[in-house]
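Peer 1: Now for the letters of each chain:
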Amino acid sequence: MKSAPAAGTFLPWIAVLSLLVAGAAMSARLAESAVASGSQIPSSIAEQLLGNSTKALAEYSYYKMADQFYHKGQDHYEETAFVDFFQRMKEKTAPAGIVHLKGNEMKESLAWMRMAMSLDPGNVEYAIVASYWLERELGRSDLAFQALDEAAALNPGSYLVHIGRGRLLAKTNRKAECRRAFETALKYWPGTSDPANEDVRMHRREILSYLAILAELDGDLGRAAAYLKATINMFPQKSEAVRKRLAQVENGGTPKESLLQTWNALLRENSYECDHGHEDHAGEHEHEDGNTHE
Amino acid sequence: MTRILTIASVVWIETIRKKDAYVLLTLLAVLLFALLSVDVFGLGGVAGYVKQIGLLFAWAFAWILAVTVSARELPQEEKQGTIYPLLAKPLTRFELVVGKWLGAWTVVSLCTCCFYAVIVLVAYMRESPFRWDSLLQGYLLHCAALAIICAIAMALSTRMNFDAASTFAFAVTGAAFLILPRIPNLMTLEAGLRGKALYVLYYALPHFELFDLRQRLVFDDGPAPWTVILQVLVYGAIMAAAFLLLAWIGYRNKRFARGRVL
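Protein chains in written order, with this note's numbering: chain A, 1 to 294; chain B, 1 to 262.
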């Protein structure tokens, strides 16, 4: 004779699975907007439940998934001690070749960026990367600005968001607003970041570079020189090109053609193209126009 | 063969009576429909993340179901005392083990088919349907992986109670899925005894990553060559047979003490 179904055996499993599903479902919801400056970022339900693990989940799960989607499922090359039958079989069933997502396809990667932003709204890097791809691949600068506005609302003291805005405004040729964005970024720098950190110092250098060239384009050579001098003071050893530009500015300004070249070079920097080296892509891959694997 | 199928049909009836599969199916459906509400910057027609997460959970739920259904069959018979009338019939232990495994595997494969159906429906709603040939390949390989998982759980349950067998089975199959593919990378850092232990593990446990076609399905890469799929299926059959053999060896001389609480 059989006893009643051991439903109790499954209750713990059902509880664990329900929590897992609830956590995953809630982490996909948008975070609430900040309502007052100076206040802490109101946390989403996911953040309240999961605490700092949301940041780890955002970075190591969703952000990494965005990268994997960008590479259409191909893993990056990793050194192995041996290659055997199992690895060769796996290669035959894995997605073939490396192509990066292009154009409208980029939406698939952006979904993960959106989830990373929702889970860790304090990390503005996700919004900046998302805005870059929204503008570059989808041609949706409106949505790109929207993403940055959302990040700015949640992180009012962050200079990085204003750098992101400035880059986007530069690409969309809105120079006056671009100047204001970088001036705001300069005002907020370094925020809560360590001013001795090399990356943080490079951000300031970028701000000063943009402001110097915008001032020169506006014809304000005095201000341009001041920004260039500030750059040289920050990086006295690595400013040979900046010294040359300063000399030109003090002698009446950089020639227009050279100035536009410098401006275009600045726009091409700070791309989020694949930064994995040629050898890091497993299997064959295509080189796309403008994709300069270094 | 008839006896094996009869045993299998009993497993079917039991599993359908229990609520596990329905709970998991409901959870999957709820999760996927919740994911549909994610606003991807106001852009429409984004389905990759739904497919990715859906397939991940389909694999996870099928894994849970396979271990729990397989690991409880034999211990349950012993606990309820129904093993005695069962073995009193003209039924060999081999037929019993294979029948239980067949029932568990086929019912879990059917549940997995339902999971896939939900994911296909959601992908269709997002106007990003799967390729049918790739989906068929993915499902076949998934079933082959489940056959091995059921066989492992069955083998463990011949000598352990349900709790121990399921825990051990989860650990072994989880390690096989997560750690085994990383061993060639880990071996670049390890040497000596640890390196040898990793090597033994690498070849002793089944390679579930061969059966995982999720990336191909999500990124719409088209079907893999059928010759390769066939080779993987043969590998799966061999591994399942090996673990079933272990199960039979573990069970054929097992003595049951009547009245003993298990």
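There could be a bad hint or two in this list.
To be verified - Each pair of labels, with its calculated beta carbon distance range:
1. B/VAL23 / A/ARG268: 47 to 55 Å
2. B/TRP12 / A/ILE14: 19 to 27 Å
3. B/PHE33 / A/MET202: 55 to 63 Å
4. A/ASP67 / B/ALA164: 18 to 26 Å
5. A/ASN104 / B/SER37: 18 to 26 Å
6. A/LYS187 / B/LEU136: 57 to 65 Å
7. A/PRO12 / B/PRO225: 42 to 50 Å
8. A/PRO12 / B/GLY195: 32 to 40 Å
9. A/ARG268 / B/THR188: 32 to 40 Å
10. B/LEU121 / A/ASP67: 23 to 31 Å
11. B/VAL200 / A/ALA153: 51 to 59 Å
12. A/ILE14 / B/GLY222: 46 to 54 Å
13. B/SER9 / A/VAL16: 24 to 32 Å
14. A/ASP67 / B/TRP132: 28 to 36 Å
Everything labelled a hint here was simulated from the structure, so no lab data went into it.
In this text, a Cβ means the ideal position worked out from N, Cα and C, and glycines have one as well.
Peer 1: Look at each hint and say if it fits the structure.
Peer 2: Going through the hints against the structure:
no. : hint                            : in the structure
1   : B/VAL23 / A/ARG268: 47 to 55 Å  : holds (54 Å)
2   : B/TRP12 / A/ILE14: 19 to 27 Å   : holds (22 Å)
3   : B/PHE33 / A/MET202: 55 to 63 Å  : violated (44 Å)
4   : A/ASP67 / B/ALA164: 18 to 26 Å  : violated (40 Å)
5   : A/ASN104 / B/SER37: 18 to 26 Å  : holds (22 Å)
6   : A/LYS187 / B/LEU136: 57 to 65 Å : holds (60 Å)
7   : A/PRO12 / B/PRO225: 42 to 50 Å  : holds (43 Å)
8   : A/PRO12 / B/GLY195: 32 to 40 Å  : holds (38 Å)
9   : A/ARG268 / B/THR188: 32 to 40 Å : holds (37 Å)
10  : B/LEU121 / A/ASP67: 23 to 31 Å  : holds (29 Å)
11  : B/VAL200 / A/ALA153: 51 to 59 Å : holds (56 Å)
12  : A/ILE14 / B/GLY222: 46 to 54 Å  : violated (38 Å)
13  : B/SER9 / A/VAL16: 24 to 32 Å    : holds (31 Å)
14  : A/ASP67 / B/TRP132: 28 to 36 Å  : holds (29 Å)
Of the numbered hints given earlier, the model fails hints 3, 4, 12; all others are met.
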